[in-house]
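Q: Chains as they are written, first to last, in my numbering: chain G, 283 to 368; chain H, 1007 to 1158.
Here are the computed lysine to aspartate or glutamate pairs in the EDC-like style, where the Cα-Cα straight-line distance is at most 20 Å: (1) 347(G) - 1099(H); (2) 366(G) - 304(G); (3) 1105(H) - 348(G); (4) 329(G) - 1127(H); (5) 318(G) - 353(G); (6) 1063(H) - 348(G); (7) 329(G) - 1121(H); (8) 355(G) - 1137(H); (9) 329(G) - 1137(H); (10) 1054(H) - 1121(H); (11) 329(G) - 1141(H); (12) 1057(H) - 1121(H); (13) 318(G) - 1127(H); (14) 318(G) - 306(G); (15) 347(G) - 1127(H); (16) 1105(H) - 353(G); (17) 355(G) - 1127(H); (18) 1105(H) - 345(G); (19) 364(G) - 1137(H).
So these bits of chain H aren't anywhere near chain G, every CB distance computed over 10 Å: (20) 1045; (21) 1056; (22) 1083; (23) 1147.
Derived from the structure by calculation, the hints contain no laboratory data. Think of the CB as a built atom: it goes at the ideal place given N, C-alpha and C, for glycine as much as any other residue.
The lines below spell out each chain.
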Amino acid sequence: MAVTADLIREKLISELAAVHVEVEDTSPNRCAASFKVLIVSPQFEGKPLLQRHRLVNTCLANELKEIHAFEQKTLTPEQWEKQKQQ
Amino acid sequence: MNSVFGAAARSVRALTALSRLTQPGGGAACSRLLCSAEGQKSLEEMVKKDKVVVFMKGTPAQPMCGFSNAVVQILRMHGVDNYAAYNVLDDQDLRQGVKTFSNWPTIPQVFFNGEFVGGCDILLQMHQSGDLVEELEKLGIRSALLDAEKEQ
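Let the sequences and hints guide you as you build the complete structure.
A: The structure is reproduced here in structure tokens:
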């Protein structure tokens, strides 16, 4: 199955209990399938950046094999609220 | 006498093996090299040899990818020019080997003191949050941004 923004979004919501997900298909800007995601999940609480990204990488392990480039921003619900206010 | 010849033969063989490594598409023997236990060990040595190690697409002088370029730019901003940069486009075995080594799916990959830090996203966030200055300090590298602030 081809990797789509919807597929990524669904996986993040179901496996990482993400409360907010934004998936941008950045493929037009790059040479092949690429995505940029913002994930807000309470599971990121208390975890350093690297651990958060690894959590996402594990969740999307199969998809990452297919796509060319991947950018991610991981926030806890608290960080997300703060960012929205800025 | 025989032992001298034996040693010479061994070093010639070793040198040949090494040159095969650096040739593009160097044959079946090479493709197992970096993913094998020995290969992973040499990666371990590579990341420990220098304080800052980057696996990227292209070179610092000529990055071949936007994300790799971002890493180069960030390091440059902090005045870090003395780092080891390995071009994974030159070596498909390195490209796969480093992903296995750090258990990370993408390039670029940044290592500080032999420890995996992350990719472009993480480095950028560390730069924006001020964490990068701190981490560089732990390595004994003084970020150029600290001096830039002083001048203002």
